[in-house]
Amino acid sequence: MKVLIVSMSTLFIEALQIAIHDRRPTWQVDTYPIQAPLFNEALMKKINDQDIEIVVVETSNDHFAITIGSLKKLKGPEVDIMLLVDSRMGEVYHHLKDEERWASVTKNTSLNEFLLLMESFNSNTSLPLEVSLKEVDKKILKDLAVGHTFEFIQRTREISAEEIDQSLYRINAYFKVPNYIESISKAFEQKIITFGT
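For what it's worth, this note's numbering labels the leading residue of the sequence shown as 177, then goes sequentially.
Since the hints were derived computationally from the structure, they do not count as laboratory data. Heads up, the beta-carbon is just placed ideally off N, CA and C, and yes, glycines get one too. You may find that some hints are simply not true.
[Said to hold, decoys possible] Below, simulated DSS-like cross-link-like pairs (lysine-lysine); rule was C-alpha separation at most 30 Å, straight line:
{"no.": "1", "residue 1": "K283", "residue 2": "K367"}
{"no.": "2", "residue 1": "K178", "residue 2": "K248"}
{"no.": "3", "residue 1": "K362", "residue 2": "K314"}
[As the list claims (entries may be wrong)] So the derived label-pair ranges between C-beta atoms look like this:
{"no.": "4", "residue 1": "Q366", "residue 2": "Q226", "range": "39 to 45 Å"}
{"no.": "5", "residue 1": "K314", "residue 2": "D225", "range": "25 to 31 Å"}
{"no.": "6", "residue 1": "D274", "residue 2": "T207", "range": "39 to 45 Å"}
{"no.": "7", "residue 1": "N284", "residue 2": "F328", "range": "18 to 24 Å"}
{"no.": "8", "residue 1": "Q204", "residue 2": "S286", "range": "18 to 24 Å"}
{"no.": "9", "residue 1": "L214", "residue 2": "K283", "range": "27 to 33 Å"}
{"no.": "10", "residue 1": "K367", "residue 2": "D238", "range": "40 to 46 Å"}
{"no.": "11", "residue 1": "V353", "residue 2": "D206", "range": "40 to 46 Å"}
{"no.": "12", "residue 1": "K314", "residue 2": "T207", "range": "35 to 41 Å"}
{"no.": "13", "residue 1": "K352", "residue 2": "Q211", "range": "23 to 29 Å"}
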């Protein structure tokens, strides 16, 4: 797999590059430090020239909207984009819900989980194992279906942002869709959740 890690933090991208190489030595992992949370033509040229499959973009709560807007404006290759974000996942999902080849994951995800997410997210790779829904996943689906925010779910269910992120990954993988909005729709179709429950 060909991966490009983009961040304003050189230390972060170099450390992540080393960690990925350590666990997945066959992957080609390159880095691209940026000075501002904006993507430019030089970066898109690098993605094109190297046939990058996944671009991992490290961003913060303060910058992710600028980063997403910048990426959407540039015409580029069909690559998967994975945003590494802080814990305010609700806002990020709002920006990504219509993007089929984009995903987000919190920075608190373990390296092993992150690598599995990358492998399953890559458009040329299928999930290595069958995914099943846990009870907590169904509860989160119901909460999202009635319009509760991620922050509300965290408070009322007493679960962390990372647990919600992992649950959303399982939910989307189970339904084989790119975002939780489509998962909610499929859950109603399959009667996994209903308005009466």
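Right, here's what the structure says about each hint:
Restraint check: the Cα-Cα separation between K283 and K367 comes to about 33 Å, which exceeds 30 Å; the hinted pair is violated. With a C-alpha separation of about 21 Å, the suggested pair K178 and K248 falls inside the 30 Å cut-off, and the hint holds. Taking the CA atoms of K362 and K314, the gap is about 12 Å. The hint holds against a cut of 30 Å. Take Q366 and Q226: their Cβ atoms lie about 40 Å apart, and the range 39 to 45 Å holds.
Checking the proposed 25 to 31 Å range against K314 and D225 shows it is violated: the Cβ atoms sit about 45 Å from each other. At about 29 Å, the CB distance of D274 to T207 disagrees with the hint of 39 to 45 Å. Roughly 20 Å separates the CB atoms of N284 and F328, a value that falls within the hinted 18 to 24 Å. With their beta carbons about 23 Å apart, Q204 and S286 fall inside the hinted range of 18 to 24 Å.
Range check, L214 to K283: about 20 Å between beta-carbon atoms, so the 27 to 33 Å window is missed. Between K367 and D238, the C-beta spacing of about 41 Å keeps the proposed range 40 to 46 Å intact. A C-beta distance of roughly 30 Å is found between V353 and D206, which places it outside the suggested range of 40 to 46 Å. For the hinted restraint 35 to 41 Å between K314 and T207, the CB-CB distance of approximately 39 Å keeps it satisfied.
Range check, K352 to Q211: about 38 Å between beta-carbon atoms, so the 23 to 29 Å window is missed.
Of the hints listed earlier, those the structure fails to meet are numbers 1, 5, 6, 9, 11, 13, in rising order.
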